[in-house]
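Student: The residues making up each chain are set out below.
2 protein chains.
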Amino acid sequence: MFQFLNRVLTEAPQSRVHASSFAHRCALRQAKRIVVKLGSAVVTRGDECGLALGRLASIVEQVAMLQNHGREMMIVTSGAVAFGKQRLRHEILLSQSVRQALQSGHNQPKDMSVPALEARACAAAGQSGLMALYEAMFSQYSTCTAQVLVTNLDFHDDEKRQNLHSTLQELLRMNIVPIINTNDAVVPPPEHNSDLHGVISIKDNDSLAARLAVEMKADLLIALSDVEGLYNNPPGTDDAKLIDIFYPGDQHSITFGTKSRVGLGGMEAKVCFKLSNMLKTSKPQFSSEWVKAALWALQGGTSVVIANGTNPKVTGHVITDIVEGKKLGTFFSETKPAGPSVEEQTEMARSSGRILASLQAEKRSEIICRLADLLTEKTEEILAANKLDLEVASSSGRLPSAMLKRLSLSVAKINSLSIGLRQIATSAQNSAGRVLRRTRVAHNLELEQITVPIGVVLVIFEARPDCLPQVSALAIASGNALLLKGGKEAANTNHVLLQLTQEALSMHGLREAVQMVSTREEVEGLCRLDKMIDLIIPRGSFQLVQDIKRAAKGIPVLGHSEGVCHVYVDADASADKVIGIVRDSKCEYPAACNAMETLLIHRDILRTPLFDQIIDMLRTERVRIHAGPRFASYLTFSPSEAKSLRTEYNDLECCVEVVDSMQEAVEHIHKYGSSHTDVIITENAKTAEQFLQQLDSACVFWNASSRFADGYRFGLGAEVGISTARIHARGPVGIEGLLTTKWVLRGDGHTVADFSEQGTQTYLHESLPLEQKEILQRDSS
Amino acid sequence: MFQFLNRVLTEAPQSRVHASSFAHRCALRQAKRIVVKLGSAVVTRGDECGLALGRLASIVEQVAMLQNHGREMMIVTSGAVAFGKQRLRHEILLSQSVRQALQSGHNQPKDMSVPALEARACAAAGQSGLMALYEAMFSQYSTCTAQVLVTNLDFHDDEKRQNLHSTLQELLRMNIVPIINTNDAVVPPPEHNSDLHGVISIKDNDSLAARLAVEMKADLLIALSDVEGLYNNPPGTDDAKLIDIFYPGDQHSITFGTKSRVGLGGMEAKVCFKLSNMLKTSKPQFSSEWVKAALWALQGGTSVVIANGTNPKVTGHVITDIVEGKKLGTFFSETKPAGPSVEEQTEMARSSGRILASLQAEKRSEIICRLADLLTEKTEEILAANKLDLEVASSSGRLPSAMLKRLSLSVAKINSLSIGLRQIATSAQNSAGRVLRRTRVAHNLELEQITVPIGVVLVIFEARPDCLPQVSALAIASGNALLLKGGKEAANTNHVLLQLTQEALSMHGLREAVQMVSTREEVEGLCRLDKMIDLIIPRGSFQLVQDIKRAAKGIPVLGHSEGVCHVYVDADASADKVIGIVRDSKCEYPAACNAMETLLIHRDILRTPLFDQIIDMLRTERVRIHAGPRFASYLTFSPSEAKSLRTEYNDLECCVEVVDSMQEAVEHIHKYGSSHTDVIITENAKTAEQFLQQLDSACVFWNASSRFADGYRFGLGAEVGISTARIHARGPVGIEGLLTTKWVLRGDGHTVADFSEQGTQTYLHESLPLEQKEILQRDSS
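Protein chains in written order, with this note's numbering: chain A, 1 to 781; chain B, 1001 to 1781.
Keep in mind that the hints were calculated from the coordinates and are not lab data.
Glycine included, every Cβ here is placed at the ideal spot set by N, Cα and C.
Errors might be hidden in some of the hints.
[Claimed, not checked] Some chain B residues near chain A, calculated using beta-carbon distances under 7 Å:
1. L1051
2. P1234
3. D1238
4. K1531
5. D1534
6. F1708
7. K1742
[What the hints assert, rightly or not] Simulated coverage check for chain B against chain A, where a stretch passes if three residues somewhere in it have a Cβ under 8 Å from a Cβ of chain A:
8. 1029-1041
9. 1462-1468
[What the hints assert, rightly or not] The calculated lysine-lysine pairs, modelled on DSBU-like cross-linking and capped at a C-alpha distance of 30 Å, are:
10. K326(A) x K336(A)
11. K336(A) x K32(A)
12. K1363(B) x K531(A)
13. K336(A) x K1549(B)
14. K1531(B) x K241(A)
15. K671(A) x K1643(B)
16. K1336(B) x K531(A)
17. K1326(B) x K241(A)
18. K1326(B) x K549(A)
19. K1363(B) x K643(A)
20. K313(A) x K1387(B)
21. K1363(B) x K313(A)
22. K553(A) x K1032(B)
23. K1671(B) x K1549(B)
24. K326(A) x K1671(B)
25. K1241(B) x K531(A)
26. K1217(B) x K1336(B)
27. K553(A) x K313(A)
28. K1671(B) x K671(A)
29. K671(A) x K1032(B)
30. K326(A) x K313(A)
31. K1217(B) x K313(A)
32. K553(A) x K1531(B)
33. K643(A) x K1032(B)
34. K363(A) x K1671(B)
35. K553(A) x K1363(B)
36. K1032(B) x K1363(B)
37. K1032(B) x K549(A)
38. K686(A) x K1363(B)
39. K1488(B) x K549(A)
40. K553(A) x K1378(B)
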């Protein structure tokens, strides 16, 4: 038996982290021969019996593209009945009205209702039109199609089966897409009490597609219908979750696979019995049909993905997405996925995180100190893993040298990392559980607002492996559960560092509070877990932050959007300070988000030696200057004009523009800036204070380099990141970025009705001191 | 001349608030005869010369649907060239290879490149196929089509023009969709140096569509191409913005309209000259072509919308959206839009808001006090407007009585509103500009973190007009600019209240800081202004909050998602407190988000009289009980089983479930709750503290009703809303929900390089007291 998935998975290198459900999906990229089954719900348009043309066209587009890229595609389609019904309805209406006109001669209102149409007649009438449509559509992609009509009975006759096989084989060899449909004209009539819709369902070609896929040794059968896939519980109930990978062997009492096969009939019956609970509320007949078909195909060696082909958001790319290994629908696999899925990891992290949050602050500090110890104890092990990563990176030659530098660890780096962790451990005493506000609402009714962890935080970081223990320590200190996704270039180092972190956590039985997801798991997929992840923190390039902001749907992202930082040189600026601050802001580390991108110069400076000094300094530092339109107009020979005044160069380049006044500088920054960090250089305190006051950027500086916008330099201790958002945390964010608050109200049977006009109570709303309570709380915990 | 838009706008009742660009759009809903022009970019697939089938199919679907709903639809299409090329290429390849085989007989590698194809030949070859495709597609919607081939020259011959007119008129009368294309076979050949693509562009049927639309007196011409519309500046430059409504009369030196018409040729030339700057960077020839065509049609009395038909996100509904009045592309209108657009309102609000934020706190308080005065001074005026609203509401009979109650104002209500505003005025002294943290970073380098307003806040509220002055006062107190969108049921009252608010603001020249957008402006459209609005606060029903959360893309929304609140009755609960708190939590105001939805009862209670007391009380209060599965299993005759344990009933209904312990209650709440407000009733302090500690809801209460979760009851003063988000503000949110922070760093020429290993400076990071600075700041401001 051809076991496509087993083969691919066996050949694949073992992933370091548990994510083999992801590995399963990735295996699909290697599927060569693919059967796409279009259920009637995909082909037809809801209740109206026409075809869903747009849907069909985009499916044809995907199939044609995959075919043109060397895959062998087959389509099993429904829809002839619908197409035929549409056509016959016209004919019947026409003949009816003619008949009526002949018979009655009266001008009576005509009965324009269409009689029930026999499904098989509809199918026969629709077949030619449907094929013509497919052909016209595929011809747009220079793809040839062939019509194949079969019945399930054809598979029972060995000769017919072999003939069919060789026909299809020959078509595939000639690069032709076979379009297969049931030969409805020769099958038994539909059940008596079924309406036309029921007929489509019953005649749905699940089993045909399965048989065909197995017969043709297809690697993959993609079955598209109007359900999302298989659920672990009846869809719509509290606990219903879409199953990502369905491994039939998970069902007890069923042995399944190559070694101990059971009869297909029996297997079907048993599995379907087990599944019956899962399918309780979805259309029963339809569902069990497709599950049966999927299991059949699976046992025959064809992997199956069942997905929704009617969701307008994904229809345009559902097939290509599945073939690219994206998590869509339910994947029926003959191989058991090892390790937890990312959803399971998130759930484990949350429940461990809740225990972590309820630990005393001292115990959380203990864990961090233990991690700090482990880092120094296991330095050699860490460096060995890091060496491996560095070797891979330099041999591939794909990483730029700056990246290599960030990837590389040293004894000194690990030591300072360890020292940093101990500082975080100290600050942990004063993060979660802090009382921010105490109010006596009424007699014996006291309200407290206290800091609490946010919940489950996903941190996505690139290259720098030292990020892992740092972020872990911040999360532990604040009582948050953590999902980590590191760059694959640091996979070995991250693996060791994660083990140490989990070892430290295990001293309080909480190793699952910090989890690492596969480096290959798609960010997009993680961003979809909006009910499970409370905050995403991307730490890395601007591109990374942008990508994540775009992908995150419903999950807040803490990160800076852009860093178009300005330095404004006022008329009253001191020359020394200007040269020092401009050089530092632009050249100290031009790739940083807090580096200067635009230099605004007061018009009066233009005529002074200071102007030449600035330009000379920038030239010496090899900074490429782009002139703003105003600046360009002052010069006879200006440098290249800035394409946009809103550019983040991230390099030794900057824009220079001229303004008339501090006020104009503020307006310029409001218009073109990104509200990150902006600087004024002046000796005039009044001008400076106005600038600081009027500008609504996250960081506004007077006579200081923009590069100070940084958590460490601000004295926040460890930095969670820099935020340009206007809510939650703004600017450099310390550990408080990982905290939220909760309100605790302690009463004595108080009700709101007591405070009504007829009630006995009145609101006091007295502010209470915070300190006293902190002691009380420590006692009670 | 038929002036469709003028007619509609003249008939429409004047909107109270300025939003006539919106009224323009709404007028489109009444367009009956519509020409849809499909540019070649829409019909063909990028560089490959096939048709964009999916796109075409969904356009056909929209046109057919509009036709079936009684509109008269015409399509002007491109694409025959592409279709024909696809077809001829096959033929040529085939004949080439046959020829080569005959000529050479060798097995040499064949030159399979296709010679340049003559566009007109392609068009002729493609026409039949294209029409067949349209026909097949439209037949899916039981819609008949007719092929009409014309040339621009046909319009110059009066007889031909009249023949064409009556043909099309007859087709429309018979409910047939005419599909019109240029008769390429008889037009002059394309320019010599143009490639096939260029040919398509030059032959693009903009002018044909415009002539046809005017000839047929169409109300609307929808021109779909691959550009978004007309920009005020070259697209891609810093200031480029898509023009929503383009009124050619805005161009100086051009008078345009029915009264003083100028020759079309001259008008075209002048407008195009004026427009040339706008179009600098987009494809010049194409752009000026479509602008010319649009202006032509406009002058002929047909409104024009130019939009992108190739954007996959909207293609499926671009035509229906435009016809429904949604803001898509550029609308060429012969009527000048009065009043600012919502984008302009937002910009005005932001710039006034910036001045408001820089006012001294005392001055912001002054404005609020003035508003409080105005409310009492103008009470009669307010009540008169309110009476109008109430009359409309009760006569329509559509508002439920609870809604009517919220809508209605009284002298008492206005007085207490006024008192509330004075309280907000007092608190304004201590909101924006508060110093939260002061750090001496280094010698002479001092850092401050201060509270600042968020920026532009959009508040969407229903029914309750008293919300308007309240929210305005909160925004003014915190220095935020405000966009308000009230319910249309309170339009008159809101109008008066807005005028008073703006009058108060005008004492410091800031009336534009609070703006009201049209009641009819779509929330969806507002939610798209993600670069202009910083925070959205929906105040109203759960449905409203949900809708806005779904629509808001990239703008944070402050609001509660769901309120599935629990009351847990512990084994050690006091019976009196249980009855009081459960009654209050469920019955005091069941529609509130902080009302109890699930009652969790410790198993031990089941056997006690307290259990019967609880059930009796709920029965007396007519609360319908739904049994959780565990509870149901204990009863012989149980009430209806709860469909889901995660239900927010929002009514006199609740779920009752049994748990074994406090621990299990916490787990239940974590699993099914919405982290809003959860209560424990117990006399055991240890159990209570554990519950309060372990539960991660926004509000956790001990022996107090869940209904206390409210900004006023918490003593926060005015309430911005309730948040179930985990970042920014959580639980009942006071004015601090409208504040963010900024970092102010004051130095003396400090650079980061000074602090490097080679540098002269070291970080001090000393915490400084806050009070001293507050005095200093007051001096400097």
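Student: Does each hint hold? Answer for all of them.
Tutor: Okay, the hints, checked on the actual structure:
Given the 7 Å rule on beta carbons, the hint for L1051(B) holds: about 5 Å separates it from the nearest Cβ of chain A. Taking 7 Å as the C-beta contact cut-off toward chain A, the hint placing P1234(B) at the interface is violated, the least distance being around 12 Å. Given the 7 Å rule on beta carbons, the hint for D1238(B) holds: about 5 Å separates it from the nearest Cβ of chain A. A distance limit of 7 Å between C-beta atoms decides the matter here; for K1531(B) the minimum to chain A is near 10 Å, and the interface restraint is violated.
Hint status for D1534(B): holds, given a least beta-carbon distance of 5 Å to chain A, under 7 Å. For the restraint placing F1708(B) at the interface with chain A, the shortest Cβ-Cβ distance is roughly 6 Å, inside the 7 Å limit, so the hint holds. Hint status for K1742(B): holds, given a least beta-carbon distance of 6 Å to chain A, under 7 Å. As drawn, the segment 1029-1041 of chain B meets chain A at 0 residues by the rule of a beta-carbon pair under 8 Å; below three, the given contact is violated.
Restraint check on the segment 1462-1468 of chain B versus chain A: 0 residues with Cβ-Cβ distances below 8 Å, three needed, restraint violated. For the proposed pair K326(A) and K336(A), the alpha carbon gap of about 18 Å is at most 30 Å, so the pair holds. Taking the CA atoms of K336(A) and K32(A), the gap is near 22 Å; set against the 30 Å cutoff, the hint holds. Restraint check: the Cα-Cα separation between K1363(B) and K531(A) comes to about 44 Å, which exceeds 30 Å; the hinted pair is violated.
The hinted pair formed by K336(A) and K1549(B) fails the criterion: a straight-line CA distance of about 39 Å is larger than 30 Å. A hinted pair counts as satisfied when its Cα atoms are at most 30 Å apart, and K1531(B) with K241(A) does not qualify at roughly 36 Å. Between K671(A) and K1643(B), the direct Cα distance comes to roughly 53 Å. Violation of the 30 Å bound is thereby established for this hinted pair. Of the supplied pair hints, the one linking K1336(B) and K531(A) is violated, its CA atoms being roughly 47 Å apart against a limit of 30 Å.
Between the alpha carbons of K1326(B) and K241(A) the distance comes to roughly 36 Å, so the proposed pair goes past 30 Å and is violated. Restraint check: the Cα-Cα separation between K1326(B) and K549(A) comes to about 26 Å, which is no more than 30 Å; the hinted pair holds. Taken as a hint, the K1363(B) and K643(A) pair is broken in the structure, with Cα atoms around 42 Å apart against an allowance of 30 Å. With a C-alpha separation of about 46 Å, the suggested pairing of K313(A) with K1387(B) is violated against the 30 Å cut-off.
Pair hint K1363(B) plus K313(A) does not hold up; C-alpha atoms about 51 Å apart against a cutoff of 30 Å. Restraint check for K553(A) and K1032(B): the C-alpha separation of about 39 Å exceeds 30 Å, so the hint is violated. As the CA atoms of K1671(B) and K1549(B) are separated by approximately 22 Å, the hinted pair is consistent with the 30 Å bound. With a C-alpha separation of about 28 Å, the suggested pairing of K326(A) with K1671(B) holds against the 30 Å cut-off.
Distance hint between K1241(B) and K531(A) is unfulfilled; the C-alpha atoms sit about 36 Å from each other, more than 30 Å. Simply put, K1217(B) and K1336(B) have alpha-carbon atoms about 21 Å apart, close enough for the 30 Å limit, and the pair holds. A C-alpha spacing of about 14 Å is found between K553(A) and K313(A), which places the hinted pair at or below 30 Å, so the restraint holds. For the hint pairing K1671(B) with K671(A), the CA-to-CA distance comes to about 46 Å; that exceeds 30 Å, so the pair is violated.
Annotation: proposed proximity of K671(A) to K1032(B) is violated, straight-line Cα distance about 43 Å (limit 30 Å). For the hint linking K326(A) to K313(A), the alpha-carbon distance of about 15 Å falls within 30 Å, and the restraint holds. For a cut-off of 30 Å, the pair hint linking K1217(B) to K313(A) is broken: about 37 Å separates their Cα positions. Our distance criterion of 30 Å between C-alpha atoms is met by K553(A) and K1531(B), whose separation comes to about 17 Å.
Restraint check: the Cα-Cα separation between K643(A) and K1032(B) comes to about 45 Å, which exceeds 30 Å; the hinted pair is violated. About 27 Å separates the Cα atoms of K363(A) and K1671(B), which keeps this hinted pair within 30 Å; it holds. A distance of roughly 41 Å separates the Cα atoms of K553(A) and K1363(B); the hinted pair therefore is violated under the 30 Å criterion. For the hint pairing K1032(B) with K1363(B), the CA-to-CA distance comes to about 54 Å; that exceeds 30 Å, so the pair is violated.
In summary, the hint linking K1032(B) to K549(A) is not supported, as the alpha carbons are separated by about 42 Å, beyond the 30 Å threshold. Between the alpha carbons of K686(A) and K1363(B) the distance comes to roughly 20 Å, so the proposed pair stays at or under 30 Å and holds. Under the criterion of a C-alpha separation no larger than 30 Å, the hint pairing K1488(B) with K549(A) is inconsistent with the structure, at around 35 Å. Annotation: proposed proximity of K553(A) to K1378(B) is violated, straight-line Cα distance about 46 Å (limit 30 Å).
Of the hints listed earlier, those the structure fails to meet are numbers 2, 4, 8, 9, 12, 13, 14, 15, 16, 17, 19, 20, 21, 22, 25, 28, 29, 31, 33, 35, 36, 37, 39, 40, in rising order.
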